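Line by line, the protein sequences give chains A and B. Per the working numbering, numbering of the first sequence is gapless, rising by one per residue and ending at 148. Per the working numbering, numbering of the second sequence is gapless, rising by one per residue and ending at 127.
There could be a bad hint or two in this list.
Claimed, not checked - Interface residues of chain B toward chain A, partial, derived using beta-carbon atoms under 7 Å:
1. Tyr-39
2. Val-51
3. Pro-54
4. Leu-60
5. Phe-117
6. Gly-118
7. Gln-119
8. Gly-120
9. Arg-122
Unchecked claim - Derived BS3-like pairs (lysine-lysine); straight-line CA-CA distance at most 25 Å:
10. Lys-111/A / Lys-95/A
11. Lys-48/A / Lys-111/A
12. Lys-104/A / Lys-114/B
13. Lys-44/A / Lys-111/A
14. Lys-49/A / Lys-111/A
15. Lys-49/A / Lys-104/A
16. Lys-92/B / Lys-63/B
17. Lys-114/B / Lys-95/A
18. Lys-114/B / Lys-111/A
Hints in this document: simulated from the structure, not taken from any laboratory. Just so it is clear, the structure is predicted and the values come from calculations on it, not from any experiment. Yeah, the Cβ is synthetic: ideal placement off N, Cα and C, and Gly gets one too.
Each chain, written out:
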Amino acid sequence: EAGVVQSPRYKIIEKKQPVAFWCNPISGHNTLYWYRQNLGQGPELLIRYENEEAVDDSQLPKDRFSAERLKGVDSTLKIQPAELGDSAVYLCASSLGLGVGSEQYFGPGTRLTVT
Amino acid sequence: AQSVTQLDSQVPVFEEAPVELRCNYSSSVSVYLFWYVQYPNQGLQLLLKYLSGSTLVESINGFEAEFNKSQTSFHLRKPSVHISDTAEYFCAVSNQGAQKLVFGQGTRLTINP
C-alpha cells in the first residue's frame, strides 16, 4: 500500500514568489493534516481537514497561506508571497480519523528554501 | 493548551548501551502521549503510544515508554541500542477528545560503534 505522497521533495524560490505543495493521502484516510517543521524543531500543525472541510486552521497564517482539499482526497498548500521565514519542511499526514489516538501517517515532506 | 519539552537535543551512545530519551509535558487536562521516530531522509513514523490502561507501552523493536502522571513524563528507553536506531525522536501529546498533536523539539540519537 502506498504511503502519503508529497511533491515536490525540494523547492528553492526567491522571496515574494508563490509556491505550492501537493499531498496525496493514504487511500481511505478521511483526515488530512499539514504541518510545518522549522529547523531543529518539532512539527507544528497548520491545518486539519475532515474530508473536504477544514476543521482546524487556527495556526494557518491566512494572509499568505491557503489550502484546499477538493473532493476530500488530495490537498494543496500554497504560500503567496513567500517570505524568508517560510523556509522549513512542510509535512503532510493522514489518518483514518476514527477517533482520538488514531495514528497519523506522515509523508516525506517538502523542504522549502526561500532566498 | 499542551506543551512538550524534550530535555536533550542530542544523545550520543555506544552500540549495545542502554538509552533514555526524556520527555515532559504540560497539560491541564488528560492527555494521550506518543513517540514518533524520523529516520534519515524519511517521514515520521509512530513508534509507540499511550492512550489508556497499562502505563508501560512497548514497540516492536525493543523501545518502551512509561507514562508517569505525577511527574508528567513519558520517557523513552531501550536497554541495548543498535546502529539502526540512529534517528530523530519526537515526543508528542494530544488532548483527549482532540486529534491535534503537539510535538516536542526532538532528540537526535546517535549510535557510535
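For each hint, the structure was consulted:
Against a cut-off of 7 Å between C-beta atoms, the interface hint on Tyr-39/B is violated, since the closest Cβ of chain A lies about 12 Å away. The beta carbon of Val-51/B is not positioned within 7 Å of any beta carbon in chain A (closest approach about 11 Å), and the interface hint is therefore violated. Interface restraint check: Pro-54/B against chain A, minimum CB-CB distance 11 Å, threshold 7 Å, status violated. A least Cβ separation of about 5 Å between Leu-60/B and chain A falls short of the 7 Å threshold, and the interface hint therefore holds.
Interface hint status for Phe-117/B: upheld, as the beta-carbon distance to the closest one in chain A is roughly 3 Å, under 7 Å. A cut of 7 Å between beta carbons decides the hint on Gly-118/B: the least distance to chain A is about 5 Å, and the hint holds. Taking 7 Å as the C-beta cut-off, the interface hint given for Gln-119/B holds, the closest approach to chain A being about 5 Å. Taking 7 Å as the C-beta contact cut-off toward chain A, the hint placing Gly-120/B at the interface holds, the least distance being around 5 Å.
Because the beta carbon of Arg-122/B sits about 9 Å from the nearest beta carbon in chain A, more than 7 Å, this interface hint is broken. Between Lys-111/A and Lys-95/A the alpha-carbon distance is near 10 Å, which keeps this suggested pair within the 25 Å criterion. For a cut-off of 25 Å, the pair hint linking Lys-48/A to Lys-111/A stands: about 14 Å separates their Cα positions. A C-alpha spacing of about 23 Å is found between Lys-104/A and Lys-114/B, which places the hinted pair at or below 25 Å, so the restraint holds.
Simply put, Lys-44/A and Lys-111/A have alpha-carbon atoms about 13 Å apart, close enough for the 25 Å limit, and the pair holds. Pair hint Lys-49/A plus Lys-111/A holds up; C-alpha atoms about 13 Å apart against a cutoff of 25 Å. Using a Cα cut-off of 25 Å, the hinted pair Lys-49/A and Lys-104/A is violated, with the two alpha carbons roughly 30 Å apart. For the suggested pair Lys-92/B and Lys-63/B, the alpha carbons sit about 15 Å apart, so the restraint of at most 25 Å is met.
A C-alpha spacing of about 19 Å is found between Lys-114/B and Lys-95/A, which places the hinted pair at or below 25 Å, so the restraint holds. Under the criterion of a C-alpha separation no larger than 25 Å, the hint pairing Lys-114/B with Lys-111/A is consistent with the structure, at around 21 Å.
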